[in-house]
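Novice: Here is how the chains run, residue by residue.
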Amino acid sequence: DTGVSQDPRHKITKRGQNVTFRCDPISEHNRLYWYRQTLGQGPEFLTYFQNEAQLEKSRLLSDRFSAERPKGSFSTLEIQRTEQGDSAMYLCASSSLTWASGSSGELFFGEGSRLTVL
Amino acid sequence: GDSVTQMEGPVTLSEEAFLTINCTYTATGYPSLFWYVQYPGEGLQLLLKATKADDKGSNKGFEATYRKETTSFHLEKGSVQVSDSAVYFCALPNDYKLSFGAGTTVTVRA
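These protein sequence lines map, in sequence, to chains E and Y. Heads up, our numbering is the position in the first sequence plus 1384, with the first residue counted as 1. Heads up, our numbering is the position in the second sequence plus 703, with the first residue counted as 1.
Simulated from the structure, these hints should not be mistaken for laboratory data. All C-beta atoms in this analysis are idealised placements derived from N, C-alpha and C, irrespective of residue type, glycine included. Take these hints with a grain of salt, some might be off.
[What the hints assert, rightly or not] Here are some chain E residues pointing at chain Y (derived, C-beta under 8 angstroms):
| no. | residue |
| --- | --- |
| 1 | Phe1429 |
| 2 | Tyr1432 |
| 3 | Gly1456 |
[To be verified] Restraint-style ranges between C-beta atoms, simulated for each label pair:
| no. | chain 1 | residue 1 | chain 2 | residue 2 | range |
| --- | --- | --- | --- | --- | --- |
| 4 | Y | Asn725 | E | Lys1398 | 39 to 45 angstroms |
| 5 | E | Arg1465 | Y | Tyr742 | 31 to 37 angstroms |
| 6 | Y | Glu719 | E | Glu1452 | 48 to 54 angstroms |
| 7 | Y | Pro713 | E | Thr1397 | 35 to 41 angstroms |
[As the list claims (entries may be wrong)] Just a sample of chain Y residues kept apart from chain E, beta carbon distances all over 10 angstroms, derived:
| no. | residue |
| --- | --- |
| 8 | Leu716 |
| 9 | Glu718 |
| 10 | Thr723 |
| 11 | Gly744 |
| 12 | Glu745 |
| 13 | Gly764 |
| 14 | Arg770 |
| 15 | Glu779 |
| 16 | Gly781 |
| 17 | Asn797 |
| 18 | Asp798 |
| 19 | Ser802 |
| 20 | Ala813 |
Excised from the complex, chain Y in its bound form (with noise of 0.2 angstroms):
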């Protein structure tokens, strides 16, 4: 079935630093895909998403653009903060579920 990876963590950034964080998908067709965060002690939340490719989606100050090229989904924010500090899940739909990449730790020093 249709499924994404992304990197592997944990990652430690400096507060201003640039993030990456790298997520491939393989899917039958071009589906909708997502970012999900969980901060400390919270449930997780949507980011953002795209439902088209080269659509980019954006919120918080992060960014991914949908890729068919590459078949990626890649999350960017130009300058974290410690607020940032949090698991982060690549995710597309599968019929009418999600299916999440393993998640990707992010950790923001002061």
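Just chain E, with the same shape it has in the complex (with noise of 0.2 angstroms):
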């Protein structure tokens, strides 16, 4: 399978917990993109990279929020002190730079890691 490829897919965690999601990319791809999906919503932007460079960080990414993505490859979001609100479905997508034009706009998501803070 060559998709875009989260884990864990699911993780039930206790309030004030960490924990950390893993994204690996489409290989060939050099975007790498983090959103939060919560029930009844549409995927909501937290991050992105290019390579290596995180170039965007939403509002919603408070600072017990961080996403590496060191070798320009995989990429990890960390939640630190997770609260309840944190419980979503967080999505990874990737794209090629070719994207950069705006006249692509297909991004590859992966199937999503869900988290239920208890």
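Mind assembling these two chains? They're in different frames, but the hints should get you there.
Specialist: Printed below as a string of structure tokens:
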């Protein structure tokens, strides 16, 4: 399977614990995105990388959230001191650099990592 | 910033019925417009797109026409199947990311 993969698919944790999600994008894609999706809502942008550089972060990304893409390949999203409001589906997507023109717009999404904070 | 607004669901239909999901956009200029679909248990995937005004995107029997006069990009299918049951999202580019609508859940009954 050469699509975007995310791990774990489901995570249940207690409030206050730290969690980390991993995303492996399509190998030739330079751009990697993290989105959050809650029930009944569309995906909300969190952050994106071009290669290893984190180029934009949403205001939704509080200081408890950190994302990395150390070698421009896989990425991790860590949430520290989780809160019940962090319960959501965390989506990763990747795209090729040619999307910079805005003419393609195809993001390839993984199946998501569902977080439940008790 | 640029954004899309889509009709709220859920929408429940019988097989072979006609489906329309409304989407309107607010943008400076004329951005590309997209429909993404999320089937149960799967990731979002691009369904169709239109890159300029009056373009019609089509795929899997679905169509959407980019209408700048009404700032709309409504999704239509003439005869839905049970396999079309999914959540549908309208989207547009916002700098180097996509902004999505809230999604419309469509359930097709046999």
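Novice: Please go over all the hints and tell whether each is borne out by the structure.
Specialist: Outcome of the hint check:
{"no.": "1", "hint": "Phe1429", "in the structure": "holds, 5 angstroms"}
{"no.": "2", "hint": "Tyr1432", "in the structure": "holds, 6 angstroms"}
{"no.": "3", "hint": "Gly1456", "in the structure": "violated, 16 angstroms"}
{"no.": "4", "hint": "Y:Asn725 to E:Lys1398: 39 to 45 angstroms", "in the structure": "holds, 42 angstroms"}
{"no.": "5", "hint": "E:Arg1465 to Y:Tyr742: 31 to 37 angstroms", "in the structure": "holds, 34 angstroms"}
{"no.": "6", "hint": "Y:Glu719 to E:Glu1452: 48 to 54 angstroms", "in the structure": "holds, 49 angstroms"}
{"no.": "7", "hint": "Y:Pro713 to E:Thr1397: 35 to 41 angstroms", "in the structure": "violated, 30 angstroms"}
{"no.": "8", "hint": "Leu716", "in the structure": "holds, 19 angstroms"}
{"no.": "9", "hint": "Glu718", "in the structure": "holds, 25 angstroms"}
{"no.": "10", "hint": "Thr723", "in the structure": "holds, 19 angstroms"}
{"no.": "11", "hint": "Gly744", "in the structure": "violated, 7 angstroms"}
{"no.": "12", "hint": "Glu745", "in the structure": "violated, 6 angstroms"}
{"no.": "13", "hint": "Gly764", "in the structure": "holds, 20 angstroms"}
{"no.": "14", "hint": "Arg770", "in the structure": "holds, 18 angstroms"}
{"no.": "15", "hint": "Glu779", "in the structure": "holds, 20 angstroms"}
{"no.": "16", "hint": "Gly781", "in the structure": "holds, 25 angstroms"}
{"no.": "17", "hint": "Asn797", "in the structure": "violated, 8 angstroms"}
{"no.": "18", "hint": "Asp798", "in the structure": "violated, 7 angstroms"}
{"no.": "19", "hint": "Ser802", "in the structure": "violated, 7 angstroms"}
{"no.": "20", "hint": "Ala813", "in the structure": "holds, 25 angstroms"}
In this structure, the hints that do not hold are numbers 3, 7, 11, 12, 17, 18, 19, in rising order.
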